[in-house]
Structure formats: C-alpha cells, structure tokens
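*Asks:* Each chain, written out:
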Amino acid sequence: MQQDILNGVRAAWKDRAASRFTAPLTFVLAMLGGGVAVAHERFVKHNLRFPLKYEFFGRWPGKPLGLHPDHLMIGIRVVAILGAFFAIWFIRRSLTEFVERTFLRKVGGVVQSWGHQFACFLTDRPVRQKVYHSLGEWAVILFLRSPGLVLMFSATNDSLVMPSYPLDPASASIFKFAQVGLAILILTQTWLPLCGAMIVGTWLYLFRWGWMVAIDAVPVLTVAVVYCTSPWQSHKLPITKINASQMRLLRIVLGFGFLALGWLKVYNHNLVAGVADNAPSVLNDPMVAMLMGTNDPNYLWRREAWVIAFGLAEVMSGFMVMIGVFTRLWATIMAFMFTKLMLVDFGWDEIPHIYPIAAMLVVIFSNQLTSEVDPIEKLDLEAWRAGKPIKRFLIVGTTALVGSVLVIIPLLYLISFIDRTAM
Amino acid sequence: MTFANTKTLIALTILWAVALFGIDYAKNPRGADSMFAPKQMGVATTQGKPVIKLWLNHLCCTGCLSDVTAALAKVSSVKVKTKEPLPSTDEADKNDMEGTKPKDYGGEIELEFTDLKLVDFMAIERALRDSGLVADRMTISGLQHYRLTAELKHICCGLCSTGVKEGLEITRGLKSQNHFKWLDSFQVSKKDKLVIAHARYDAVADVTELIHGLNQVGFEPVAIYAVIDKEGAAGADGK
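Chains as they are written, first to last, in the working numbering: chain A, 1 to 423; chain B, 1 to 239.
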C-alpha cells in the first residue's frame, strides 16, 4: 500500500518535472555545466551504502508547497532561526545596553570588563584585548600561507587544488610543478597579486570538471581576494592585518561560497548521504538534529532529512557570514564544525580543511567587520531615536521575515521539481 | 608601494586559465565535448568500458607472445589482444645479431573479456609465472568507482587482520615513490577473509602492486577481482 502511494508520488513528480518550472531551470543548469550527473571524488569516501528514498526530495501533490511535510518543516525551522537572528541583530544595541546597565554594571570589575568584551564579540564590535589582537594577527598569517600547504598536499596526492580533483596522468607532472611553484610564491609571500590571479585562473579551469566542482571550490577564492588587493612588494611586508574593505570582500566571498555549497548539498543529495553512510557519526550533529526536529535512529526519513538539514545549515551560516549578521558567531560555529569533521569524523582525509578553518579564524578575530544590512539598521536607529516603535517593529519584522523566507523557500521549492534520482 | 589594477588582474587570470587549458589540451588532445565532460578521466579513451592491460618487461617477439597467449588461454575469462605487431622470432634474432637497433624488450598486451566480474587477476598472474614469464604491471582502467577485492586463504585471528591492515597502510606511505598512486583506502574483513582496495575515482589501478604489497606483508591472495561501485548501489563492504 505504502509502496503504491510512493510510486504514485514518484510518477506525479516525474510528470511535473517536465513542467514549465523545471524546463528553464534544467536548461540553465545544463548550460552551466553540460551535465548535471557529476559526482566528483571527495577526499572522504562518499559511496552510498544503500539508496536514498528519493521521493522525499521530490513533489508531494496536495501537501503545502508540494513538498514532503518534514522537508518543508526543516525549511521553516531554518527560516525561523534566520528570522530570529535578523531581529536580534537589529535590536542588539538595545539588548547589550540593557544587559550591561542592568547586570554587569552592578557586578563591576573583571566580570563587567569581560562581559563587555564578550558582548562586543557577539555583536561584531571591536574587541579591545591584546591577546585577541595577537590571535587575529596570527590567524591572518595562517590564512595567507595555508593555501600553500594545501597545494603542496594536493600535488603529492596527484590532485589539483584539493584531493577532490585528481589530475589526468598525461598532464599531471606539469600541473604538480605549477602548484608547487604557486605554493612557493604563497609561502614566501611573493607577488601576491599574481598568486591571486593564478588562483582565480585555476578556479576557472576547474569548470572543466563541471559546474558543481567549480561551485564546490568557491571558498578557494576567498584568499585570492586578499592576494589580489595586496601590494606587488608583498614579500617585503609583514602582512598581519586585513583592512575593512578587504575583510568585506573576504566575508562576502567566503559566505557566498558556503551558501552555494549548502544548496549544492541539497541538490546533490547522493554525495552528502554517501559521506554520512561512510562516516555515520556525522548524523549525530546536534545543530543538524535540531533542524531535523528529531535524532531518532528509527525515523523513516532520517538520512533524507539529514541531507536537507545539513545543506540548509550551511546555507544559513554562509548567508549570515555573507551579509555580516552575527558574523563572528556563525564563523565560530563553522570553524567548530570544520574542526570537528577534521579531527573527529573524517581524520586525516579532511586535512585540507585547515584552509577554511584559517579563513574562519581571520573573520572571528577581525576588528574590521561590517554588515551589508547597515542601511536597514540606520533606518531602524532613526525610528528608535524618533521614538516610533511601530515603524521600528515594521522595519525589523519585515526585513527578518521577508529576508529569511526569500533565502530559503523559493530555491527549496524549485529544486524539488528537478528529478535527481539518476544522479 | 604599488598595487595591481583590475585590468592587470583580469589579464593575468585569463592568461593563467588559458595556459592551464592549453597544457591540458596539448598533453591530452580531444574535443571540447570530451574536455568539459564532467567525468573526463579515462572515459574519453575507453568510453567507460573497463580495460585490462599487461606490461611485460620481456615481450620481444612473436615467440614470447605466443607463449603468453598460450599461458593465458588457460584463464577462460580472458583472451589476448595485441595492439602492435611484434617482430617474428627470426627477425628478433637478426636484430640481435646486427645490433643496429636499440634494444626494446618490453611490450604491452591488452586482454579481452566479456564479464569483468569473472576476471581473476591472480589466475592471470599464476598462468604467466607458470609459463616462465611475469607481468611487471597489470592495470585496470576506464572505471570511475571501483575496488579490488583480494581473497585470502589465511586470516585466522584478529592479529592477522591487524597485521594485513597495518602492513598495507605502510605501503600507502610509498605513494611518494610512485607506488599505489591509484589507491584511496584499504579495508580488511576478517570474517570474509577479504582485503578490499578502493581505487581513487577514475584511477588506473596496478594489480601487481597490490599483489606485491600483500606478499610483502606475508600473504598470498587466492584470487583478486575488480568490483564496480555505483553511486546508490551496494556499499563498500566488499560484497
């Protein structure tokens, strides 16, 4: 009986897949990559141990938005979290002032000082601490040099940029030497603008493996932003700081990279589920479990829901970093997750993730953070000063609701029209 | 202090990307369709079909080839397919006497087969050794996701299993010496007495390296088969 229902749903989904919604989207994707059924080798094993229940990702006629209710619920949870963070972001000044005046001032001393610094950390304001400043300088050094180590690692593994992209034996030697040459320039901090151009050029070359591979590698471009905006005489300079405009570009590229990666995970579900099949410990991540709404091992759609929740968690954190809302907090969560994946779940295979961790550390310890929602915040502040609480409520509420819904729901809805069973 | 302007950066980027595409094309000429095919490696040359090749350090003439063919005739799942004509025994003798041509004793043969699942690489290895010859390389290519499963006769305890695993892990360290470059990871199943070597995506695996690796840690495989992994198909448990 249940199988009949599922078959019916699958048939309906396939019929709808030929609809007017799918055709243009499929066309665009096909134009971008010349084929969507790519599944390049990850540096962690990703073979599915048993098939997914694909109907979960497709169309469910008669259900809200035509999505499986659990699928939609994950989206709604993410929308709710995004909305809450948006709303808190706009009222963060009032909140921190309230906390500092009401509680910290009464306590005073070291607690007040540390409480203030912690509030500054959470709300992306400069943290005036010597240790924090030193850690920031060290993070910049690590970030600028870590790509050199990753390139060397890839060269010794017959790969390009990451072990995910194995080199063709016919041209492997030249590419490996080229990578080592670039790595030497990076490690000696020589001609950084050239290094930046070479990284972007190499990223363009990755399109040879298909559009999904290029999207997978977008975070690599983050460091290119800093290289390209560095002086030609970089080898003579101790670069330990990233200025505000560099940081803004870095944050946008880094955030966008993870936002795109998140959607790619939702789209290319087999790859992500395959990783989980080979490293089942990743299924127990508390943040992802929260988005799933359950961590019951007997839950019928556990792997399918995990894929969507995992992908949307990355979309959410990438988006927040991209627009600069609680950047430090999200970067800290991401750095923690990457470190956990590297040290606990995947081990040595995940060692190239030193690079994104370094990028996150630069963002976390930066005192040059800005936000893309500053103009809206300015309107909100004006309304606050003018004593117009309703206007303020409308500005904050509309931005939080519309912003968070637009980031998640439309793409979640559109992707469900694409038949990905054959991927 | 001078900074790079946008035009310079764009020019350098395009130049570098073109150089990478150019090198790729020069080393592996093919059409744009094939070059931008997402599953590019191995597929362009083999159309996705598995190819088994043997390189023998000694395969100098038709006499050697007929011995190899006769030896492999005992392995029912494969048949020898030569790519280039070899000199006859008389011609080889003459060349040796004249000493004018540079000596090139080695040669490559390709094996035809109908079902990869039935090809036992150990049977090929044994047949060749019985005929007095030996393959230096025994490669399998043209597959994306696959693994080599080596059946062992002897794994009697946990220590045996750990010994195989640890011994083979050491061989992974030989990558820098051009060994096991195709290898992604090893698994040892004590219960099924299997060593499973997962090949890297699209890699050309050398089965003789696996055989030598196992010999080095003290084991002789009974049989070695290549198993194709498909996304969404049975997992990497060697079954």
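I should point out that these hints are in silico values taken from the structure, not numbers from a laboratory. Take the hints with a grain of salt, since some may be wrong.
[As the list claims (entries may be wrong)] No more than 25 Å apart at the CA atoms, straight line, and that leaves these computed lysine-lysine pairs for BS3-like:
# : chain 1 : residue 1 : chain 2 : residue 2
1 : A       : K176      : B       : K79
2 : B       : K79       : B       : K27
3 : A       : K176      : B       : K27
4 : B       : K181      : B       : K117
5 : B       : K53       : B       : K181
6 : B       : K7        : B       : K27
[Stated by the list, open to error] Stretch-level coverage of chain A by chain B, calculated; a stretch enters the list once three of its residues show a Cβ under 8 Å from a Cβ in chain B:
#  : region
7  : 113-119
8  : 161-170
9  : 185-199
10 : 286-297
[As the list claims (entries may be wrong)] A few chain B residues that face chain A, going by a derived Cβ cut-off under 8 Å, partial list only:
#  : residue
11 : W16
12 : L20
13 : N28
A virtual CB, placed ideally from N, CA and C, is assigned to each residue, including glycine.
*Asks:* For every hint, state whether the structure bears it out.
*Replies:* Results of checking the hints against the structure:
{"no.": "1", "hint": "A:K176 - B:K79", "result": "violated (37 Å)"}
{"no.": "2", "hint": "B:K79 - B:K27", "result": "violated (31 Å)"}
{"no.": "3", "hint": "A:K176 - B:K27", "result": "holds (14 Å)"}
{"no.": "4", "hint": "B:K181 - B:K117", "result": "holds (23 Å)"}
{"no.": "5", "hint": "B:K53 - B:K181", "result": "holds (17 Å)"}
{"no.": "6", "hint": "B:K7 - B:K27", "result": "violated (30 Å)"}
{"no.": "7", "hint": "113-119", "result": "violated (count 0)"}
{"no.": "8", "hint": "161-170", "result": "holds (count 4)"}
{"no.": "9", "hint": "185-199", "result": "holds (count 5)"}
{"no.": "10", "hint": "286-297", "result": "violated (count 0)"}
{"no.": "11", "hint": "W16", "result": "holds (3 Å)"}
{"no.": "12", "hint": "L20", "result": "holds (4 Å)"}
{"no.": "13", "hint": "N28", "result": "holds (4 Å)"}
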